[in-house]
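Q: Given next are the chains, with one letter for each unit.
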Amino acid sequence: MSTLVFLEHHGDELLKGALGVLAKAASLGDGDVAGVVIGSGVRPLADAAGTFGAAKVYVADDAQLEAPLPQPRVDVIAQLVRDKGIETILFGNSVLAADVAAGLAARLDAGINWDLVDLVQQDGKLVGKRPALQDSVYVDVGWTTEPRIALFRSGSFDPNEKGGSAEVEDVQVALEDFSSAARMVDQAHEESEGPSIEDAPVIVAGGRGLGGPENFALVEELAKALGGAVGATRAVVDAGWYPYATQVGQTGKTVAPKLYIACGISGAIQHKVGMQSSGVIVAINKDTNAPIFEFSDLGVVGDVHEVVPKLTELVKQRKSS
Amino acid sequence: MKIAVCVKQIPEGNSRIDPGTKRLDRGGEGTLNAFDANAVEEALRLKDSTGEGEVVLLSLGLAKAQDALRKALAMGADRAVLISDDAAAGSDLVATSYALAKALEREGADVILFGQQAGDSDGAVLWAAVADRLRMPVVSQAAEITHADGKLTVKRQTEFGYDVIEAPLPAVVAVSDAINEPRYPSLKGIMGAKSKPQETVTLADLGVEADRAGEQGSRTEVYALNDPPARGDSKKIDDDGNAAQAIFDFLAEKRLV
Chain A
1 MSTLVFLEHH GDELLKGALG VLAKAASLGD GDVAGVVIGS GVRPLADAAG TFGAAKVYVA
61 DDAQLEAPLP QPRVDVIAQL VRDKGIETIL FGNSVLAADV AAGLAARLDA GINWDLVDLV
121 QQDGKLVGKR PALQDSVYVD VGWTTEPRIA LFRSGSFDPN EKGGSAEVED VQVALEDFSS
181 AARMVDQAHE ESEGPSIEDA PVIVAGGRGL GGPENFALVE ELAKALGGAV GATRAVVDAG
241 WYPYATQVGQ TGKTVAPKLY IACGISGAIQ HKVGMQSSGV IVAINKDTNA PIFEFSDLGV
301 VGDVHEVVPK LTELVKQRKS S
Chain B
1 MKIAVCVKQI PEGNSRIDPG TKRLDRGGEG TLNAFDANAV EEALRLKDST GEGEVVLLSL
61 GLAKAQDALR KALAMGADRA VLISDDAAAG SDLVATSYAL AKALEREGAD VILFGQQAGD
121 SDGAVLWAAV ADRLRMPVVS QAAEITHADG KLTVKRQTEF GYDVIEAPLP AVVAVSDAIN
181 EPRYPSLKGI MGAKSKPQET VTLADLGVEA DRAGEQGSRT EVYALNDPPA RGDSKKIDDD
241 GNAAQAIFDF LAEKRLV
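Those protein sequence lines, which keep their order, are chains A and B. Note that the working numbering numbers the first sequence so that position 33 is 33, with each residue one more than the last. Note that the working numbering numbers the second sequence so that position 116 is 116, with each residue one more than the last.
Honestly, the hints are just simulated from the structure, not real lab data. We put the beta carbon where it would ideally sit given N, CA and C, even for glycine. Where hints are given, some of them may not hold.
What the hints assert, rightly or not - Dumping the calculated SDA-like pairs for lysine to any residue here, alpha-carbon to alpha-carbon at most 20 Å:
id : chain 1 : residue 1 : chain 2 : residue 2
1  : A       : LYS162    : A       : ALA48
2  : A       : LYS56     : A       : ASN160
3  : B       : LYS196    : B       : ALA63
4  : B       : LYS155    : B       : GLU181
5  : A       : LYS319    : B       : GLU253
6  : B       : LYS236    : A       : PRO291
7  : A       : LYS258    : B       : GLY241
8  : B       : LYS236    : A       : ASP287
9  : B       : LYS196    : B       : ARG79
10 : B       : LYS254    : A       : ASP158
11 : A       : LYS310    : A       : GLU294
12 : B       : LYS236    : A       : VAL280
13 : A       : LYS316    : B       : GLY241
14 : A       : LYS224    : A       : PRO195
15 : B       : LYS236    : A       : GLY279
16 : B       : LYS2      : B       : GLU144
Said to hold, decoys possible - Not the full set, but computed from the structure, chain A residues with beta-carbon under 7 Å of chain B:
id : residue
17 : ASP140
18 : GLU169
19 : VAL173
20 : VAL282
21 : PHE293
22 : VAL300
Said to hold, decoys possible - Beyond 12 Å from chain A on every Cβ pair, some chain B residues (computed):
id : residue
23 : GLU29
24 : LYS64
25 : ARG70
26 : LYS196
27 : PRO197
Please model the entire structure based on the sequences and the hints provided.
A: See the structure below:
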C-alpha cells in the first residue's frame, strides 16, 4: 500500500495534527509512507518530516503556493497521486486540509471519509472509525475504490519523533486556471501566547459560569500555570467575552488534549462533541445537575471563582518547588 | 446577481441510523439544516446590497424536503429546485457533489453559497468538491462577504486568525455560522412562500448518469455500527473548601502536573 500524508504547515512549522496522522500512517506498517509539503520556501520542512516517520517527502516549493489556499494544493496532490500511483491520502483536519481533501475527492472521483478518529486494517481492508450522531455511535467505514481519502478529527493521534531522515523529491507544479483565481490579499493573524488550542496538551476552558469576560483571567492564569491553552464555549464567544479562535465545540474546534479542565461550562451537546475525546476531563461547575459531570473523570460541584485560583496557586507552588 | 444556496433537510430532533441500511433514518419529521439558514440569510443580504438579482435554493433529498425549502423561501429566497430521485439514495460526497454540480451548471449562478456543516452527518466539506467540479474558486469559513466590481472579498476564519481572500465571480463560498443572525420568516413571508416556484427535478433531467448516483456512484461504504468506547470510572465531589487540593491530587496521580 502506498500512503501519502498531507503535511500542513503554518509559518516554519509542520502542524502537530498532520504529524500525528503521519505517525498513524507509519504505525500501520504496511507499505510506503510518504508526506507532501506544499508552499513557498518549505524545503527545510521536508527534513523535519523525516524525523517524524516519513520515509519519503515530496516537496512542492513554488511562490504560487505561498498563501494557504486549497485549490493549488489539490492540483499538486492530484498530479502526485496519478504519477506515483498513490492508493491512500490522509489529512489531519483543519480549515485548509478539509477543503483540499474534498476538492481532491472530486478531482479524482475518490471516496472520502471524514471526521475519522482511527484507521485500522481489518479483514484485509482499511477501515475508518467514525463517531456519528454526537458521538453516540461509532461507525466502521470504508472505501470501494482507490485512491481513498481520509480526513481525521483533530487530535486523534500524537506525533512520533523517532529520528531518521526522509528521501526528498521535488515535484513540478502546474496549476489549473481556476485554482489560482482566488487570491489572498491579507493575512491578519491573531498571534496568541502559548500553544494554539489544537496543539495544546492541556486546555483550560471557560463558559458562562465564569460570570463575565473579566473572569477569564482566572482561566488564563490556570492555563499558563499548566502550560496549556485557553478554550471557550460558544455561548461566551457569541457574547463577545472571548475570541472565536478559542471556541471548542461543534461550530468551533474539536480538540483532544491530554487534560481538559472545564470551568463554569454546563456541557451542552454542542460543546461536548468538541472535547469529549480528551484524555482526562475535569469539570468545575456550581450546578450539580450540569451535563458536563456525565462525561467528566473528576467533577467538582463548586464555585469556579474560588476553586480555580486555589488550583492555580497549587500548580505554581509545585512548579517552583 | 444570481445567487444559488445549497441547502439540506435534516431529521428533526434526535437522529438514528437504520441498522438495516446503515443509513441515517430520514423517516421522521425533517427540518432545514440550521447552518444553511446562515447561507440563505447571507444570500438575501448580498441580493439586497446589489439591489437586484435572484436567490435560488438548491437541494438534494426526499420529496418532503420541499418543506425545508419552503421555510427558506419564507425567509425571502425567490425559488427552489429540489433534486429528488430514488436512484440518489445512499449518495456519498463524490455522488452528491456530482449531482449538485450538474444542477448548478444548469442555473449558472454568480455566487454559490453553502452553510458550514450538515447537522446530521457533520459533513463540512461538500462545497470544495462542488467547486472543483464547477472549476470555480472556493472560500470556506467565511465570516464576512462583500461584493464589488465583479468580485467577492471574503474574510475567512481559520485556526490562526482571519484571512482576507478575493475571488472573481462566479465563486463558491461556505459561510460560518458566525457570519450573521438568520432572520425569522415573517407571516407575510410564510404566506408568500406558498406561491413561490418549487421545481422538482430528477437525475435524468440533469443529465446525471445512473452509474454516477446513489450507491453505484459512491466510493465509500459503511461496514458496521458500534457502541462508543466507554469512559473510565468518574468521580464527583462537592467543594468543601478543599476541592482545589482534590483536583491537584487527582492530576498528580495521573501525572498531569
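Q: Each hint needs a verdict: does it hold in this structure or not?
A: Hint check:
{"no.": "1", "hint": "A/LYS162 / A/ALA48", "result": "holds (11 Å)"}
{"no.": "2", "hint": "A/LYS56 / A/ASN160", "result": "holds (16 Å)"}
{"no.": "3", "hint": "B/LYS196 / B/ALA63", "result": "holds (17 Å)"}
{"no.": "4", "hint": "B/LYS155 / B/GLU181", "result": "holds (17 Å)"}
{"no.": "5", "hint": "A/LYS319 / B/GLU253", "result": "holds (16 Å)"}
{"no.": "6", "hint": "B/LYS236 / A/PRO291", "result": "holds (12 Å)"}
{"no.": "7", "hint": "A/LYS258 / B/GLY241", "result": "violated (26 Å)"}
{"no.": "8", "hint": "B/LYS236 / A/ASP287", "result": "holds (12 Å)"}
{"no.": "9", "hint": "B/LYS196 / B/ARG79", "result": "holds (6 Å)"}
{"no.": "10", "hint": "B/LYS254 / A/ASP158", "result": "holds (18 Å)"}
{"no.": "11", "hint": "A/LYS310 / A/GLU294", "result": "violated (24 Å)"}
{"no.": "12", "hint": "B/LYS236 / A/VAL280", "result": "holds (14 Å)"}
{"no.": "13", "hint": "A/LYS316 / B/GLY241", "result": "holds (19 Å)"}
{"no.": "14", "hint": "A/LYS224 / A/PRO195", "result": "holds (10 Å)"}
{"no.": "15", "hint": "B/LYS236 / A/GLY279", "result": "holds (17 Å)"}
{"no.": "16", "hint": "B/LYS2 / B/GLU144", "result": "holds (19 Å)"}
{"no.": "17", "hint": "ASP140", "result": "holds (4 Å)"}
{"no.": "18", "hint": "GLU169", "result": "violated (25 Å)"}
{"no.": "19", "hint": "VAL173", "result": "violated (17 Å)"}
{"no.": "20", "hint": "VAL282", "result": "holds (6 Å)"}
{"no.": "21", "hint": "PHE293", "result": "holds (6 Å)"}
{"no.": "22", "hint": "VAL300", "result": "holds (5 Å)"}
{"no.": "23", "hint": "GLU29", "result": "holds (16 Å)"}
{"no.": "24", "hint": "LYS64", "result": "holds (21 Å)"}
{"no.": "25", "hint": "ARG70", "result": "holds (25 Å)"}
{"no.": "26", "hint": "LYS196", "result": "holds (30 Å)"}
{"no.": "27", "hint": "PRO197", "result": "holds (29 Å)"}
In this structure, the earlier hints numbered 7, 11, 18, 19 are contradicted, and the remaining ones agree with it.
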